[in-house]
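2 protein chains.
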Amino acid sequence: MERYRLVFSGSGGQGVITAAIILAEAAVLHEKLNAVQSQSYGAAARGGATRTDVIISDESIDYPKVIQPNGLICLTQEAYNKFHNIIRPGGLLITDTRFVETSRKVDAVQVEFPIYQTVMDKIGKPIVFNICMLGVVVKLTQLVKPESIMKTLEGRIPGSFLELNRTALELGMGLA
Amino acid sequence: MERYRLVFSGSGGQGVITAAIILAEAAVLHEKLNAVQSQSYGAAARGGATRTDVIISDESIDYPKVIQPNGLICLTQEAYNKFHNIIRPGGLLITDTRFVETSRKVDAVQVEFPIYQTVMDKIGKPIVFNICMLGVVVKLTQLVKPESIMKTLEGRIPGSFLELNRTALELGMGLA
Numbered sequence: 001m002e003r004y005r006l007v008f009s010g011s012g013g014q015g016v017i018t019a020a021i022i023l024a025e026a027a028v029l030h031e032k033l034n035a036v037q038s039q040s041y042g043a044a045a046r047g048g049a050t051r052t053d054v055i056i057s058d059e060s061i062d063y064p065k066v067i068q069p070n071g072l073i074c075l076t077q078e079a080y081n082k083f084h085n086i087i088r089p090g091g092l093l094i095t096d097t098r099f100v101e102t103s104r105k106v107d108a109v110q111v112e113f114p115i116y117q118t119v120m121d122k123i124g125k126p127i128v129f130n131i132c133m134l135g136v137v138v139k140l141t142q143l144v145k146p147e148s149i150m151k152t153l154e155g156r157i158p159g160s161f162l163e164l165n166r167t168a169l170e171l172g173m174g175l176a
Numbered sequence: 001m002e003r004y005r006l007v008f009s010g011s012g013g014q015g016v017i018t019a020a021i022i023l024a025e026a027a028v029l030h031e032k033l034n035a036v037q038s039q040s041y042g043a044a045a046r047g048g049a050t051r052t053d054v055i056i057s058d059e060s061i062d063y064p065k066v067i068q069p070n071g072l073i074c075l076t077q078e079a080y081n082k083f084h085n086i087i088r089p090g091g092l093l094i095t096d097t098r099f100v101e102t103s104r105k106v107d108a109v110q111v112e113f114p115i116y117q118t119v120m121d122k123i124g125k126p127i128v129f130n131i132c133m134l135g136v137v138v139k140l141t142q143l144v145k146p147e148s149i150m151k152t153l154e155g156r157i158p159g160s161f162l163e164l165n166r167t168a169l170e171l172g173m174g175l176a
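Keeping their order, the protein sequence lines are chains A and B. For what it's worth, the numbering used here labels the leading residue of the first sequence as 1, then goes sequentially. For what it's worth, the numbering used here labels the leading residue of the second sequence as 1, then goes sequentially.
So here's chain A without its partners, still in its complex pose:
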């Protein structure tokens, strides 16, 4: 596989860091890939937009920071305004319909999904918003199998919450 660089961006509390860690762990523990996951905080982070980077590859990864992502997910308007122009030409830009109004031209495939709205309509609780977002990403990028995400979740959350997470993941895959 080619090296795939992802940036998830949004606001604190949307679970983007957790989603990035789950994706990285799924790739490493269940797909025999290598992954690096990082957060870089600076003056900008105090402003509001959270950003987390994941690189997945079947080769070893030396430099853990993403400069131009193949895939960029923006879950707030602020994150979109700030990061939309780092996308790699020809990359994939995913936004949430509820939180982001897309207005900029980018040299990438832009797709919008009602991720938040779907979670609220079908599940009624925002806590699995990040897992539904992962469903969209997994379906569109084919980076890891959905079962690898589920196996990773099994090691992290109580059994009683697994079904909720599975539903959210499948809703996201359905959207995509």
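If you are wondering where the hints come from, they were derived from the structure by calculation, not from laboratory data. All values reported here derive from a predicted model rather than from experimental measurement. We put the CB at the ideal spot given by N, CA and C, even for glycine.
What follows is a set of in silico ranges between Cβ atoms, one per label pair, in the way DEER data are often shown:
id	chain 1	residue 1	chain 2	residue 2	range
1	B	112	A	2	43 to 51 Å
2	A	59	B	31	35 to 43 Å
3	A	86	B	1	23 to 31 Å
4	A	124	B	107	51 to 59 Å
5	A	58	B	11	20 to 28 Å
6	B	63	A	125	33 to 41 Å
7	B	164	A	174	36 to 44 Å
Given the coordinates of chain A, work out where chain B should sit on it, guided by the hints.
Chain B alone, transformed into the frame defined by chain A:
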């Protein structure tokens, strides 16, 4: 301040990644410092020892990976065996008495604390083990003020758990 490079290592479920993120966020949000926090997973990670890196500085940080940490925390024997020799000469190596038997010579200050035992004796629940460990680190390194850790926790966990976390943090500081 001089740039400070930290590596937390242990096993999945001990909360080392969460602790690293909390420390990084405390430094950035409440101390006006810069921080980078990362996990690098590869073939080795499938073996067992979890490792997470944090760099804190008042200047910008270009390279987010830690090669030689100023501070290394090992919370399992496997993590200690694997990582003890990456410590920067003159650095600080912290281990948990219950989980690690120190046997190697390193050119560093080696300190052992009964972190796990203290949490179990005084609190009875292992879930704040990582926060108690952070208390040790904060006290020994003075990287951030304990109140900055608490303010970060306030934004992340329900109010009813804050006291438990405060107790764990203070227990750790007391140990150190």
